[in-house]
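Q: Okay, here's what each chain looks like letter by letter:
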Amino acid sequence: MPSWALKLSAVFITLFTLAGSFGYASAHLKNPNAPLQPPVAGRPAASGSPTASPAPTIGPLLTPRPGQRQPSTTPGPRLTLAPGVQNASLPPLTFTHTS
Amino acid sequence: MDPQLVVWIVARATGVAAYIALCLSILSGIALRTSVLDFLATNRALRSLHDFMIWVWIPLGVAHAATLLLDKTAQIAPSDLIVPFRVSYAPVAIGLGTLSLDIVVLVTVTSWLRRRMDDRLWRWVHRSSYVAFVTLFFHALLSGTDFSSPLISAISWSTALGIGLLATSRIVFGRLPE
Chain X
52 MPSWALKLSA
62 VFITLFTLAG
72 SFGYASAHLK
82 NPNAPLQPPV
92 AGRPAASGSP
102 TASPAPTIGP
112 LLTPRPGQRQ
122 PSTTPGPRLT
132 LAPGVQNASL
142 PPLTFTHTS
Chain V
5 MDPQLVVWIV
15 ARATGVAAYI
25 ALCLSILSGI
35 ALRTSVLDFL
45 ATNRALRSLH
55 DFMIWVWIPL
65 GVAHAATLLL
75 DKTAQIAPSD
85 LIVPFRVSYA
95 PVAIGLGTLS
105 LDIVVLVTVT
115 SWLRRRMDDR
125 LWRWVHRSSY
135 VAFVTLFFHA
145 LLSGTDFSSP
155 LISAISWSTA
165 LGIGLLATSR
175 IVFGRLPE
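So the sequence lines, in the order shown, correspond to chains X and V. Taking the working numbering, the leading residue of the first sequence gets 52, the next gets one more, and so forth. Taking the working numbering, the leading residue of the second sequence gets 5, the next gets one more, and so forth.
Treat each hint with caution, since some may be false.
Taking beta-carbon pairs under 7 Å as the criterion, some of the chain X residues facing chain V (in silico) [unchecked claim]:
#, residue
1, 52
2, 54
3, 83
4, 87
It should be emphasised that the hints constitute simulated quantities derived from the structure, not laboratory data. Here the structure is a predicted model, which is why all the values come from computation and not from measurement. The beta carbon of each residue, even a glycine, is placed where N, CA and C say it ideally should be.
The task is simple: from the sequences and hints, build the whole structure.
A: See the structure below:
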């Protein structure tokens, strides 16, 4: 085999590998099975005990008018059912307005 | 696409391609001086290929190192390309790649200076390319993101097996004289 053909074959194999690897890496940007998972820069290191994140809160549905008192955010009384009370086979009440 | 993603993809692709190019270079070099392949000893084309492969793997190796320097996630410092085992999150896995790069650069530079060197010293330095390949293989195995891919894994293992078989046959059956 001539020298140039051998060199061309080697270059072709390498370029084919480069193109194939490029395509594979583009299709699999994140590999969860990768042996190395470098820490993300700027992220604090994980500590021994987890810290609680603040619970999501829902803001007031109604905006108070000027001079109106802010509604209390204290939780209401909890409903505890006696053992004898059973669930009814009726659709749940979702509308309580009466005229 | 995010430039950091492009850098990351290029780093991975050039890493695999540089590995293959270096394997071809080593395979062509071993084949020239292994007694079981004595019919190749006088093959000028193979010798020419061995010399030529330097110009294929050097740009790929440089691109692999340069893109990893630019990659913010990899967190590789310029000194990590010369001094091995210093990257905090994977000192061994990445350090083996640095060690391999150091040895390969030494082998390449001494090859260019061969006429000015003692032949015996040059030969021993050139033989260290086996160590370079072993460290390169374990670098790929321990840190290669795509090594878990069946196709890339099959190619990497088969080339490593080929080099291992030729190196073993060279030890067992002898080496051809210069």
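Q: Hint by hint, say whether it matches the structure.
A: Evaluation of the provided hints:
1. Here the hint on residue 52/X is kept, as its CB sits about 6 Å from the closest CB of chain V, short of 7 Å.
2. Because the smallest distance between the Cβ of residue 54/X and any Cβ of chain V comes to about 4 Å, under 7 Å, the interface hint for this residue holds.
3. At a threshold of 7 Å, the smallest CB-CB gap from residue 83/X to chain V is about 10 Å, leaving the interface hint violated.
4. Interface restraint check: residue 87/X against chain V, minimum CB-CB distance 5 Å, threshold 7 Å, status holds.
The structure fails to meet hint 3 from the earlier list, while all remaining hints are met.
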